[in-house]
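Protein chains: 4
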Amino acid sequence: MKAAVLKSFGTPLAIEDVPAPVLGTGEVIVDIVSTRVISYTNEVLSGERQYALDLPVVPGAGGVGRVRAIGPDATKLAVGDWVLCGPTVRSRDDAIAPDIHLQGVSARGEGGMRLQKYFHDGSFAEQIRVPTENVTRLGQISATEADQWCALGNMLVPYGGFLAAKLQPGETVLVSGATGNFGSAAVAVALAMGAACVVAPGRNETMLAELVRRYGERVRPVKLTGNEADDCARMKRAAPGPIDCVFDIMPPSVATTVVRAAIMTVRPYGRVVLMGGVNMQGGAGLELPYNWIMRECITIHGVWMYPPDAAVRLIALVRAGLLRLDHYETKAFDLDHANEAVAYAAANAGPFSMTMIRP
Amino acid sequence: MKAAVLKSFGTPLAIEDVPAPVLGTGEVIVDIVSTRVISYTNEVLSGERQYALDLPVVPGAGGVGRVRAIGPDATKLAVGDWVLCGPTVRSRDDAIAPDIHLQGVSARGEGGMRLQKYFHDGSFAEQIRVPTENVTRLGQISATEADQWCALGNMLVPYGGFLAAKLQPGETVLVSGATGNFGSAAVAVALAMGAACVVAPGRNETMLAELVRRYGERVRPVKLTGNEADDCARMKRAAPGPIDCVFDIMPPSVATTVVRAAIMTVRPYGRVVLMGGVNMQGGAGLELPYNWIMRECITIHGVWMYPPDAAVRLIALVRAGLLRLDHYETKAFDLDHANEAVAYAAANAGPFSMTMIRP
Amino acid sequence: MKAAVLKSFGTPLAIEDVPAPVLGTGEVIVDIVSTRVISYTNEVLSGERQYALDLPVVPGAGGVGRVRAIGPDATKLAVGDWVLCGPTVRSRDDAIAPDIHLQGVSARGEGGMRLQKYFHDGSFAEQIRVPTENVTRLGQISATEADQWCALGNMLVPYGGFLAAKLQPGETVLVSGATGNFGSAAVAVALAMGAACVVAPGRNETMLAELVRRYGERVRPVKLTGNEADDCARMKRAAPGPIDCVFDIMPPSVATTVVRAAIMTVRPYGRVVLMGGVNMQGGAGLELPYNWIMRECITIHGVWMYPPDAAVRLIALVRAGLLRLDHYETKAFDLDHANEAVAYAAANAGPFSMTMIRP
Amino acid sequence: MKAAVLKSFGTPLAIEDVPAPVLGTGEVIVDIVSTRVISYTNEVLSGERQYALDLPVVPGAGGVGRVRAIGPDATKLAVGDWVLCGPTVRSRDDAIAPDIHLQGVSARGEGGMRLQKYFHDGSFAEQIRVPTENVTRLGQISATEADQWCALGNMLVPYGGFLAAKLQPGETVLVSGATGNFGSAAVAVALAMGAACVVAPGRNETMLAELVRRYGERVRPVKLTGNEADDCARMKRAAPGPIDCVFDIMPPSVATTVVRAAIMTVRPYGRVVLMGGVNMQGGAGLELPYNWIMRECITIHGVWMYPPDAAVRLIALVRAGLLRLDHYETKAFDLDHANEAVAYAAANAGPFSMTMIRP
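Residue numbers (the UniProt record's numbering), protein chains in the order written: chain V, 1 to 359; chain X, 1 to 359; chain D, 1 to 359; chain R, 1 to 359.
Certain hints may be false.
Here's a subset of chain D near chain V, in silico, CB distances under 8 Å, partners left out [said to hold, decoys possible]:
1) 164
2) 168
3) 171
4) 192
5) 193
6) 196
7) 197
8) 252
9) 313
10) 314
11) 316
12) 319
13) 320
14) 322
15) 325
Dumping the calculated SDA-like pairs for lysine to any residue here, alpha-carbon to alpha-carbon at most 25 Å [stated by the list, open to error]:
16) 76/X to 106/V
17) 117/V to 166/V
18) 166/X to 307/R
I should point out that these hints are in silico values taken from the structure, not numbers from a laboratory. From the three backbone atoms N, C-alpha and C, an ideal C-beta is built for every residue, glycine too.
With the rest of the complex left out, here is chain V (with noise of 0.2 Å):
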């Protein structure tokens, strides 16, 4: 089959035919149709992430297509239903605490790399074979309606991260690094959960502006100023109340005193989650003050991906009309265009915009 394959980092993909991947017993082989590419691909790809990959590698987390073959584990998947193919591997031998590898993208320590070496391609490639598990149907859609199925993988981030946090409809949300690619996908996501309102605070004055007209009201922008004490204070009264839950999924670039500045708006009793990036190569950890965290009974949720049934929901949500799929505009690209795939995302990051490969 045909596929983009790094082969070290920094130079371009090479698109060429590599073996097909062959069928196990725990397994999923899906069609690739379409994929999403994430905007920091190109620094993964030139090793300025130092994401953990073992090379050649095909990248890509993930996608939309139509089931091939299945293995013995599935009960309810068909071959040819249409499916979303999540790339977090778990390890099945720990239930408790289970390695994890993002199949196309990196993993966390010995253990992931481990599962990387057989969930070891990602889906710049015509099939992709995935465990069984990572795999959710998404009823039917025609082939041109791929591209925008592909958001769910943006969107089930901040869904994870709001899970963990027990979100419940009628609250507030803060949502730090709303004017992200991931962050405005958090903003929709906390809307279609029923948040009463989501204070969305950024620099960009014309993004803030464009995430109230397209998600409404209950979306509060704040235009912040980069003194952290002034910040914290007006991201509070933005809030027509108490701030029950802070999202924070800012870049890797990010100080971590504006990340204390939207955690310390949230109220007592309530939940952070922290998905971003932020310290990911190194710098000053994130200090808050020990004595607060207590005496206002603060939790905080560290939060890396969803949990295994986030996506039957969300697609539900999808299908019912409460999370739309069309407030992104699509780039596609074929295969043998992935080089140019990947530089269209790194040049287009901003939060309503994707950029596609189509196998």
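We have chain V already, so just place chains X, D and R on it with the hints.
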């Protein structure tokens, strides 16, 4: 490899050489050292229980052994590890409502039968192939201890129920069916989980006394009379305070009125767990006053088996000395005497007896 | 102050002057602006429902008004605040299983009657004294909006049930009793909580069509036939997928077989909520197959009313525009016409009608 | 009645006659039989801790006594009942984020101070008036046992933390601050809740040995060196497996780097509880790597005190013999010697010592 094979219901197990299992990519192969023969295995093999089994089949519900081969979805298991194999096979393509097959025992519905096609054979054999998530490490044990560790197979069942009911240390539990095999295990597990008191009703006074002798004063025996209203009142009186959780694990032969007497001892806002075989072959259903359930805010949990993460913590409770395995008198047979083992198990169905096959 | 007083069951309410409530240190006194007359109030006042009420009594289940006086156990309430008063009085000396008294309506057991002694009178009066925790701030409203906000009294009941069942956005719900007063509120609340689909069974096709007209395509009406097996199958077919949660709020007159048809539509691992009045005056209990509950891992929640923290979030859902109060056609009476109000409420028991008393 | 009164910070308690409390409708009056003097009471009375107290005040954090008078919001309490009084007063008009006042000790924010106005005086007196929900029945005890039951005041604090972290039987816990007064109580409580193993780090080897001597082999002592990286590694090694839950209850004097060494021993997906006094008087905050919290999916719970339902179950654990109170050596003073009691408590701050005032 050698195995005990059921060729048709009502015939003896044939002890013969069968092909050894071949490892797939989602499984583990275990050399079985000891497997417990459930007391009613004779009723399964005779066809009396009408369990869904695709013949010929190697029966046997999990067991204890050593890892022989490991798939690529495991990162912590090593060849040679002592492990517990659980029989509960769940389909991997539905995280919310998976199909279930009890390997070597039975299956639920069409989906369960599809799982049975691949995870077909049970543990009355030298080797077994199980899904990776069904294997839990025991740590170092000696071969002679393998029999006792099989008792976990008994204990995990009520543990699954108490987890569903979120049993808290310091609570009062009533075990309906306490003098049975699984019921007495429920008493032990509830105590190990920190139950302040376990009310143990039954008709067999000798056995009730035995429960108190073994587990101490936190067990409160109640002699049942067969009169529903009287029995309900007696059980309530036996508890030092309100009963927080009622756990029922009565066998198929018991009438639902007996179960109801136990259920209705639970306090307002209390939880009821149903794990028995009642109504398995039809008969009058469980009739409860709707208004009582509503006004008293009762929660009823139907529970089949236990979740994937249960074994790790139960093993830790044993290692910590909080749950003892030495209450069981074990009688072991080799594979050649599997039929004798089944007969022996049926004749020794009491609470502190365990019949083993050691392949 | 003026109040409507029930002196003996079966006699008209006497509109007369009674002593105004005196503030204690654990309460709030509220000037009632509007209170909803529950449709079956006539059955309570006639004695037909045999509700536990110590006569003479001022009936009336909570309402909307302004804070007149505040005890020392409140820190955020201010005199003049618009508030919702809930009727569910819970004893404060048992955090685990509190006694319950529905102020102005009924009480559960001896403990409930003890609470009724002090929190004796309901809301058909110019003032009411309620426990501090029963008051929730509404924010600014106008006096003319007070009628509509009373609809929260209807909506909080099913909300309590869905909270118990941990309803998730994206799930599918079946509301048994959807064409009734509380049942239609359950449909609205489930949708506001993000249910992807609400199956609404009933016999009244006009009303079913009305539910769809008001709440849109996410509501799936089902015409019931009265045949249990048929109805169960029809309800399942009406859902686009498995039914995650069945909510029942049938009135006392309905047979338990009707309830069972609804309950048994729930998917494996599904949740059932029972909040209706079924069996209130005896009759055959709810009979369910034990084996089905167990094998399918069903959870059944009996729920009476709603927890103390429910109102805050439901009010936020209204403020956010996610839950609309304008579906109700309200008809208001003054206190002098309280008996007319009770009669009118009985004659207009439909789902989108609300009868008010404005003292 | 007689009471010990603090008139200004830094002066001795005045033992004098003050008006007895008058019962309101939301409270209970208790005749105090014994009250524990927290070891740092001297720092509160001197003003060193800068606790928010409206002077003059009767200090004292809850205690054990007999019910003298009961409000109408209680249905199970009776005059003469032996009870535990908890100090945590919560405002009743905010179910989601109540204000908190620790009666006789301190208050949080303006709202807490408003509560303090009414629930003003603590337990160094013959009588105390507390909110009804702050009283829990102990069952029958003798007056001489009252001292020991006061130990619950110590134990409820860590119990509140373990409840927040949903500690499960069979888990491994690390108690940071294990050789302190609350820390050693945390060790006892974790064991009573079924922890398989409690890692107990500290600098005082004698005290570590004492913990093992009293609580047995499930306690794993670790001698700390003061080197953060070394200490973290030592603590991990002391556990037989991954550490599921880290509980910190370090005093204000301890540096956040010491806390961090403990926190970072927790396994992926583990939970951290912060209940100490660290940063109470400022100093460098707790700095943690954001990326570690996120990638390892860590949850951090700040917890102040314990929920209203905690005491019932902890009392049941004592009654069941699962939590022993006889580890404490008690030294009792009468009210006339309250100042001596405070000095004695400060001089005997060790883990198994308790200083009492018996009014």
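These are the hints, each one checked on the structure:
1. For residue 164/D, the suggested interface contact is broken, since its CB lies about 13 Å from the closest CB of chain V, more than 8 Å.
2. The beta carbon of residue 168/D is positioned within 8 Å of a beta carbon in chain V (closest approach about 6 Å), and the interface hint is therefore held.
3. At about 7 Å, the closest approach between the beta carbon of residue 171/D and any beta carbon in chain V falls short of 8 Å, and the interface hint on this residue holds.
4. Here the hint on residue 192/D is kept, as its CB sits about 7 Å from the closest CB of chain V, short of 8 Å.
5. About 5 Å separates the beta-carbon of residue 193/D from the nearest beta-carbon of chain V, less than 8 Å, and the hint is met.
6. Proximity of residue 196/D to chain V holds as hinted, the smallest CB-CB distance being about 4 Å (cut-off 8 Å).
7. For the restraint placing residue 197/D at the interface with chain V, the shortest Cβ-Cβ distance is roughly 7 Å, inside the 8 Å limit, so the hint holds.
8. Contact between residue 252/D and chain V, as hinted, is not supported at the beta carbon level, the nearest pair being about 31 Å apart and thus beyond 8 Å.
9. Nearest Cβ of chain V to the Cβ of residue 313/D: about 3 Å, under the 8 Å cut. The hint holds.
10. Checking residue 314/D against chain V by beta carbon gives a least distance of about 6 Å; that is within 8 Å, so the hint holds.
11. For residue 316/D, the shortest C-beta to C-beta distance to chain V is roughly 4 Å, which falls under 8 Å, so the interface hint holds.
12. For residue 319/D, the suggested interface contact is upheld, since its CB lies about 6 Å from the closest CB of chain V, less than 8 Å.
13. A distance limit of 8 Å between C-beta atoms decides the matter here; for residue 320/D the minimum to chain V is near 4 Å, and the interface restraint holds.
14. Evaluation of the residue 322/D hint against chain V yields a held restraint, the C-beta minimum of about 6 Å falling below 8 Å.
15. For residue 325/D, the shortest C-beta to C-beta distance to chain V is roughly 14 Å, which exceeds 8 Å, and the interface hint is violated.
16. Simply put, residue 76/X and residue 106/V have alpha-carbon atoms about 19 Å apart, close enough for the 25 Å limit, and the pair holds.
17. As the CA atoms of residue 117/V and residue 166/V are separated by approximately 34 Å, the hinted pair breaks the 25 Å bound.
18. Proposed proximity of residue 166/X and residue 307/R is supported: the alpha carbons are some 17 Å apart, at most 25 Å.
When each numbered hint is compared with the structure, violations occur for hints 1, 8, 15 and 17.
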